[in-house]
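Chains P and H are the protein sequences, given in the same order. Each residue of the first sequence is one higher than the one before, starting from 0 at the first, in numbering that gives the first Met the number 0. Each residue of the second sequence is one higher than the one before, starting from 0 at the first, in numbering that gives the first Met the number 0.
For the record, the hints were derived by calculation from the structure and aren't laboratory data. Please note: incorrect hints may appear among the correct ones.
As the list claims (entries may be wrong) - Which residues of chain P face chain H? A partial, calculated answer using Cβ under 10 Å:
{"id": "1", "residue": "38"}
{"id": "2", "residue": "71"}
{"id": "3", "residue": "151"}
{"id": "4", "residue": "154"}
{"id": "5", "residue": "233"}
{"id": "6", "residue": "361"}
{"id": "7", "residue": "419"}
{"id": "8", "residue": "422"}
{"id": "9", "residue": "426"}
{"id": "10", "residue": "459"}
{"id": "11", "residue": "467"}
What the hints assert, rightly or not - Listing some non-contacts, in silico: residues in chain H with all C-beta distances to chain P over 12 Å:
{"id": "12", "residue": "19"}
{"id": "13", "residue": "72"}
{"id": "14", "residue": "138"}
The beta carbon of each residue, even a glycine, is placed where N, CA and C say it ideally should be.
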Amino acid sequence: MTERVVKQLESVTIRFAGDSGDGMQLTGSRFTDTAAVIGNDVATFPDFPAEIRAPAGSLPGVSGFQVQFSSRDIHTPGDRPDVLVAMNPAALKVNLKELPRNGTLLVNEDAFTAANLKLAKYTENPLEDSTLEGYRVFKIPMSSMTVAAVAEVGLGRKAAERCKNFFALGLLYFLYQRQLDETSDWIKDKFAKAPDLAQANILAMKAGHNFADTLEAFQEVYQIDKAPLTPGTYRSVNGNLATAYGLVVAAHKTGQQLFYGSYPITPASDILHELSRLRAYNVKTFQAEDEIAAMGSTVGAAYAGAIAVTGTSGPGVALKTEAIGLAVITELPMVIVNVQRGGPSTGLPTKTEQADLFQAIMGRNGECPLPVLAARSPADCFEVAIEAVRIAVRYMTPVMVLTDGFVANGAEPWRIPDIESIDPIEVKFTQPEDVGEEGFLPYERDPETLGRHWAIPGTPELMHRIGGLEKDHLTGEVNYVPENHFEMIKTRAEKVDRVAQDYPALKVDGPEEGPLLILGWGSTHGSIVSACERLRTDGHPVANLNLRHLNPLPRDLGDVLARYEKVLIPELNLGQLAFILRSHYLRDFHSLPKVMGQPFKLDEIMARAEELLGAVKTA
Amino acid sequence: MSTQKTETAPKLTRKDFSSDQEVRWCPGCGDYAILAQIQKTMPSLDIARENMVFVSGIGCSSRFPYYMETYGFHSIHGRAMTLASGIRVVNPDLHTWVITGDGDGLSIGGNHFLHTLRRNFDINVVLFNNRIYGLTKGQYSPTSEQGKVTKSSPDGAIDHPINPVRAAIAAEATFVGRAFDTDTKHLPGMIERMARHSGIGFLEVLQNCNIFNDKAFDDFTDRKVREERMVYLDPGQPLIFGKERNRGIRLDGLKPEVVTIGEKGVSESDLLVWDATDPTLAYLISNLDYPDFPVPMGTFLEISRPTYEDTLAEQIAAARKRTGGDGDIQKLISGTNTWTID
Numbered sequence: 000m001t002e003r004v005v006k007q008l009e010s011v012t013i014r015f016a017g018d019s020g021d022g023m024q025l026t027g028s029r030f031t032d033t034a035a036v037i038g039n040d041v042a043t044f045p046d047f048p049a050e051i052r053a054p055a056g057s058l059p060g061v062s063g064f065q066v067q068f069s070s071r072d073i074h075t076p077g078d079r080p081d082v083l084v085a086m087n088p089a090a091l092k093v094n095l096k097e098l099p100r101n102g103t104l105l106v107n108e109d110a111f112t113a114a115n116l117k118l119a120k121y122t123e124n125p126l127e128d129s130t131l132e133g134y135r136v137f138k139i140p141m142s143s144m145t146v147a148a149v150a151e152v153g154l155g156r157k158a159a160e161r162c163k164n165f166f167a168l169g170l171l172y173f174l175y176q177r178q179l180d181e182t183s184d185w186i187k188d189k190f191a192k193a194p195d196l197a198q199a200n201i202l203a204m205k206a207g208h209n210f211a212d213t214l215e216a217f218q219e220v221y222q223i224d225k226a227p228l229t230p231g232t233y234r235s236v237n238g239n240l241a242t243a244y245g246l247v248v249a250a251h252k253t254g255q256q257l258f259y260g261s262y263p264i265t266p267a268s269d270i271l272h273e274l275s276r277l278r279a280y281n282v283k284t285f286q287a288e289d290e291i292a293a294m295g296s297t298v299g300a301a302y303a304g305a306i307a308v309t310g311t312s313g314p315g316v317a318l319k320t321e322a323i324g325l326a327v328i329t330e331l332p333m334v335i336v337n338v339q340r341g342g343p344s345t346g347l348p349t350k351t352e353q354a355d356l357f358q359a360i361m362g363r364n365g366e367c368p369l370p371v372l373a374a375r376s377p378a379d380c381f382e383v384a385i386e387a388v389r390i391a392v393r394y395m396t397p398v399m400v401l402t403d404g405f406v407a408n409g410a411e412p413w414r415i416p417d418i419e420s421i422d423p424i425e426v427k428f429t430q431p432e433d434v435g436e437e438g439f440l441p442y443e444r445d446p447e448t449l450g451r452h453w454a455i456p457g458t459p460e461l462m463h464r465i466g467g468l469e470k471d472h473l474t475g476e477v478n479y480v481p482e483n484h485f486e487m488i489k490t491r492a493e494k495v496d497r498v499a500q501d502y503p504a505l506k507v508d509g510p511e512e513g514p515l516l517i518l519g520w521g522s523t524h525g526s527i528v529s530a531c532e533r534l535r536t537d538g539h540p541v542a543n544l545n546l547r548h549l550n551p552l553p554r555d556l557g558d559v560l561a562r563y564e565k566v567l568i569p570e571l572n573l574g575q576l577a578f579i580l581r582s583h584y585l586r587d588f589h590s591l592p593k594v595m596g597q598p599f600k601l602d603e604i605m606a607r608a609e610e611l612l613g614a615v616k617t618a
Numbered sequence: 000m001s002t003q004k005t006e007t008a009p010k011l012t013r014k015d016f017s018s019d020q021e022v023r024w025c026p027g028c029g030d031y032a033i034l035a036q037i038q039k040t041m042p043s044l045d046i047a048r049e050n051m052v053f054v055s056g057i058g059c060s061s062r063f064p065y066y067m068e069t070y071g072f073h074s075i076h077g078r079a080m081t082l083a084s085g086i087r088v089v090n091p092d093l094h095t096w097v098i099t100g101d102g103d104g105l106s107i108g109g110n111h112f113l114h115t116l117r118r119n120f121d122i123n124v125v126l127f128n129n130r131i132y133g134l135t136k137g138q139y140s141p142t143s144e145q146g147k148v149t150k151s152s153p154d155g156a157i158d159h160p161i162n163p164v165r166a167a168i169a170a171e172a173t174f175v176g177r178a179f180d181t182d183t184k185h186l187p188g189m190i191e192r193m194a195r196h197s198g199i200g201f202l203e204v205l206q207n208c209n210i211f212n213d214k215a216f217d218d219f220t221d222r223k224v225r226e227e228r229m230v231y232l233d234p235g236q237p238l239i240f241g242k243e244r245n246r247g248i249r250l251d252g253l254k255p256e257v258v259t260i261g262e263k264g265v266s267e268s269d270l271l272v273w274d275a276t277d278p279t280l281a282y283l284i285s286n287l288d289y290p291d292f293p294v295p296m297g298t299f300l301e302i303s304r305p306t307y308e309d310t311l312a313e314q315i316a317a318a319r320k321r322t323g324g325d326g327d328i329q330k331l332i333s334g335t336n337t338w339t340i341d
C-alpha cells in the first residue's frame, strides 16, 4: 500500500466510453448514484448510438456516459471530462479530442489489439506513439485482470471479460474514495437470478479497487465533499422518470385514472416502460399499433374521462398532428409529451435537439392553438408534467410538453416532494343538475377560463355528439355559418391566451436590467445558468432567464426583455424561439444556434455573450 | 357487456334512439335502412342510452353518430377504432360502437382495423360497404372490383379488392358477420347477435350507394334472384339455399361445391352444417362469391376469447393484490435509493 495525498476538489467530470456492449451506461449510472448518495450534486449526459449493437469495436458503436459530480450546486454534466475512461481504441479515438491537456486517461490496454486498432482506423497503436503525449495516461490491462479476478466463479472467458466495466468502476471508486457497498448491493439485487454473475461483477469491482490501491502511479486520491443542497430527502431521477411520476401524481391529484397511450419511440419509450409497471396506481397504459392510434386512443380516453396522455418524439408528433387537431376542436383535456430528438425525419434518434418548437406551436392545419410548456432539467419534468395536466383540465385543451433527449436521459438529484403539499387539481364532470333551462349546451364556457363542459359518456341526460367538424358555439352541433366559424376560431385562440393569466411573475437571475439577458427554454437551462454564473463572477452584469411557458408567452415577458439592451437566445435549433419573439415584440434578438445533437458547452455561450458585451462595454 | 342499466321503465323504443338532427344522406341511400335497423334493435339490448357511445371516422357512413340519441364522436378519417380503444380501456362499462365504411375502415384505417380486431376489444364494428368512395364523389375503394371504371380509374381499377369478412377473420376477430342494408328480416338479428357477443364484433353491411355505385349488389341481393344467389350461415343449420330450398353447399375435402338435393344421390345430410366456431371453415366459406357460388350472409364466426378489457382488469387486480390495494404514490416516487441532506 502506498501513502497517498488526499486532494480536495470542487468538481470532477468523468466520461466513461466504450463499445455499445461494454456496459458504459450502467457503469456511469452506478458511479452517479454512488456520488449522489454521499451528497454530491451530480449531472449526467448519457450519449449513445442509435444502433443497439453496432459492430463491436467500431467507431459508430462507441457509447459514452459523462457525469459531473461536485461539492457545489451544478447545472450541467460538464463541458469536458477531467477523466476519460476508454475501454477500446474506438472509444479513445472518438473521445480523446474532448479531453483537455493534462487530463487523466484510463485505457483498457488489452483492447488495443491489431483488429480493434484497425476498426478504430488507427494505423499506429496510440498507446505506443506520440498520440497521448501531454495527458496523464494509465494503461491498464483491464480485460485480463478481470478474467483473472473472476476465475474462481468459473464463467467462460467471454462472460468473465464482460465484467471489465466493474473493474473500471472499482478503479474510479478508489481514486475518488468511494465505498463499494452501495454498488455491491445493487449488483446483488440486479443479478439476483444469476448469483454467479453477481459474484463475478463484485469480484471484478473489488479487483479494480485493489489494483488501484497497489498502483504507485496513482500518487493522489481525491475528495469531493457534499454539496450544499437544500435539506431534504433526495433520490436520483432522469427526465423520463420524472415525467412519468409527474403524470401519476397529477392524475392522483385529480382523483381520476391516468391513461397513457403510446407507441415505442426513442427517446420517449422509458415513460411508457415506467407507467406500464404501475397498474396498481390507477394507471392504464395502452401500447398502440402506431403513433396515430396512440393519439386517437388518447383522445378517446379524454372523452371517456381519464387524465389522458400520450408521449412520443418529433416524428411521432408529426404523425399525431391530425388527431391533435381533433383534440383542439373537440376541446378535450390531454397532454402530449414530445421528448425531442435530432431531426428532420428519423434524424439522430438518440441525440438531443430543440428543433420541434415550431412544430409544437404551429405545426397543425388550420388555426389550431394549444399551450406549450418545456422542462428545463430532469427533475423539472415532474413539475412541468403536473402543470400541464392542471392547464389541460382547467382550460379543456390539449397541452404539449417539450422535453428532449438530454433531460430525458440525464439524471440529477431530486428532492422528493411531499405529494400532500401539491395543490389539488380540480376536475368537474358536468352532471344533469348543472344544466339550466336552456338544456345542455356542450360548448357553453366558463367565463374565466373559456373552458367548456367535460360531460363524459355514462352521464344520464347529457347525451351529445362531438367531432372534428366546426361546431356551433353553444350546442356543439355541426355548423358551417361563416360568423360562427370566425367566432370559434377566435374563442379557441382567446382560451389558450388566457392560460397565461395563471403564470407566476417571471424572475431573472442576476441584474434586473442591464446590457445583456441570456434567454433560454428547455434543457439549455443548465448551460445558460452555469455560463452566466461564470460571467457574473468575471464581473459581467449578465442576467439569465429560462422560459417554461412557450405558448402563450408570459404576459410580463415583453417588459422583462425591454429592460436589457441585448438579449441572447441560445437554442439547439436554428433560432426558433428568437423567430417567434421577433414577431411578438417587433425587436431583434441575438440567436445562438447549435444543432449538433449535443448540448451547449459553457464556453460557447460565454464567448458569444462576451462578444455582445464587448460592443456595449461601459466600464 | 357489463353495462349497467341506469334508466328504468318505461321501455325504450326506436324513437328514443333518434336524435333531433336532420339526417343528411342522399335520398335513397342504403344508410337510412341501416340506421333504422340499428335504432330499432337498440331497445332490445336493454342498455341505458347514456352508456352507449357511437364512434365514427370520416365518410358518408361516419355521419351516423349524429343521428343516434346516445353519446357520439365523429372523429377523423380512419381513426374511429383508435378512439373506441381508448374509451374501452378507460371505461369498460360503455357499450361502444364503431361505424365505418370500406374506405374509412379498410383503406386509411386499415392498420387500426387489423389491430383492434386482434386485440378483441368489446367493440361492435359496423362496416358499411358500398364499394365506392361516396363523400369524395366517386373514386374506387379498396373493396371495388378489379377493372371498375371510376373518376380516378378511367381505364379500370388495377387494385385487387379486399374482402372485409376475410380480412376480419384473418385479423382474428371473434365475431364476424355479413348482412345487407335492405334485408329487414336478417339485419336486425345480426346487429343484436353482434351486440350480445363479448369481444370484438365485426359486421359487414353491404350498402347501396345510389349516386355513385347504384345496384352494386343487385346481382345477388335483388328480390328476384336473392334466394338463388345467397346462402345464410346459421349456426347448427345446413347451408341450404334456392327458391325450392333444394340447393346446398357440400365440402369435398377443402373444396366447397354447390349440389342439388335429390340429384346424384345427394341428400340434406350431405350438406355442410354451419359451425361458426371454426376460423378455418369461416375463412374457407368467406371465399364463396357470386357467380360461382351463392354469396354467404350471416354469422361467419362467433368464438370466445378473453377480451382486452377483461385481461387488463385481471392484471390490475393482480397488481393491486401484490401491493395490497392502491399503490402508495409517495412511496413510489421516493424509490428505494434515497439519501438525506440535513
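Verification of the supplied hints:
no.	hint	result
1	38	holds (6 Å)
2	71	violated (13 Å)
3	151	violated (29 Å)
4	154	violated (28 Å)
5	233	holds (5 Å)
6	361	violated (20 Å)
7	419	holds (8 Å)
8	422	violated (15 Å)
9	426	violated (14 Å)
10	459	holds (5 Å)
11	467	holds (5 Å)
12	19	violated (9 Å)
13	72	violated (6 Å)
14	138	holds (20 Å)
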